[in-house]
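Chemist: According to mature numbering (1 follows the signal peptide of the UniProt record, and there is no 0), the stretch in the sequence shown is residues -23 to -1, 1 to 108, in order.
By construction, these hints were calculated from the structure, which means they are not laboratory data. Among the clues, some could well be false.
[As the list claims (entries may be wrong)] In silico DSSO-like cross-links for lysine-lysine, where the CA-CA straight-line distance does not exceed 27 Å: (1) 80 - 34; (2) 41 - 80; (3) 12 - 26; (4) 26 - 50; (5) 80 - 26; (6) 71 - 50; (7) 12 - 71; (8) 71 - 34; (9) 12 - 41; (10) 12 - 50; (11) 80 - 50; (12) 12 - 80; (13) 50 - 34; (14) 41 - 71; (15) 26 - 41; (16) 26 - 71.
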Amino acid sequence: MRNLLITILIFFLPFIFCNSSQAARSGALVGGWTKITDVNDPTVVDIGKFAVDQHNKQDQASLKFSTVVNGEKQVVAGMNYNLTITAADGTVDKNYVAVVWDKPWSADQFIAAVVDYGDGDDDVVAVVDCC
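Using the sequences plus the hints, can you model the full thing?
Modeler: Structure, rendered in structure tokens:
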């Protein structure tokens, strides 16, 4: 049994070290946040629209999604998105931060929070139970 365990370790260790050194070279941190390079990617835009729609439903608001300004994503059991979005509140465009957990294999998306930081108050304007 011990010899089998040693054989398995010897076989798999090179793969483990190869993958971890490749992640280190690329600057990627497993489970860490990475910058979204294309904020116009349809998936990213859909996540931003979803956040605004959920905020509107919960608070009977009437924000109109404009654009995703920037964002980060994190691989978890699915994908976390931390987006800065612009939405029109009446005739005034404001920036909001939206945190969304997306599980694409089940078509489930959960919004954790939408924060209006355009006025400097950092008020949480929507929180939905995500778990």
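Chemist: Look at each hint and say if it fits the structure.
Modeler: Outcome of the hint check:
1. 80 - 34: Holds, because 21 Å separates the two Cα atoms, which is no more than 27 Å.
2. 41 - 80: Status holds; Cα separation ~24 Å.
3. 12 - 26: 19 Å, holds
4. 26 - 50: Holds. Residue 26 to residue 50 sits at ~16 Å (cutoff 27 Å).
5. 80 - 26: It holds: about 16 Å lies between the C-alpha atoms, which stays within 27 Å.
6. 71 - 50: 22 Å, holds
7. 12 - 71: Answer holds: residue 12 to residue 71 is near 22 Å, not above 27 Å.
8. 71 - 34: 18 Å, holds
9. 12 - 41: At roughly 25 Å apart (the allowed maximum being 27 Å), residue 41 and residue 12 satisfy the hint.
10. 12 - 50: With a Cα-Cα distance of about 7 Å, the restraint between residue 12 and residue 50 holds, given a limit of 27 Å.
11. 80 - 50: Holds: residue 80 and residue 50 sit about 13 Å apart, inside 27 Å.
12. 12 - 80: 19 Å, holds
13. 50 - 34: 24 Å, holds
14. 41 - 71: 10 Å, holds
15. 26 - 41: 9 Å, holds
16. 26 - 71: Holds. Residue 26 to residue 71 sits at ~14 Å (cutoff 27 Å).
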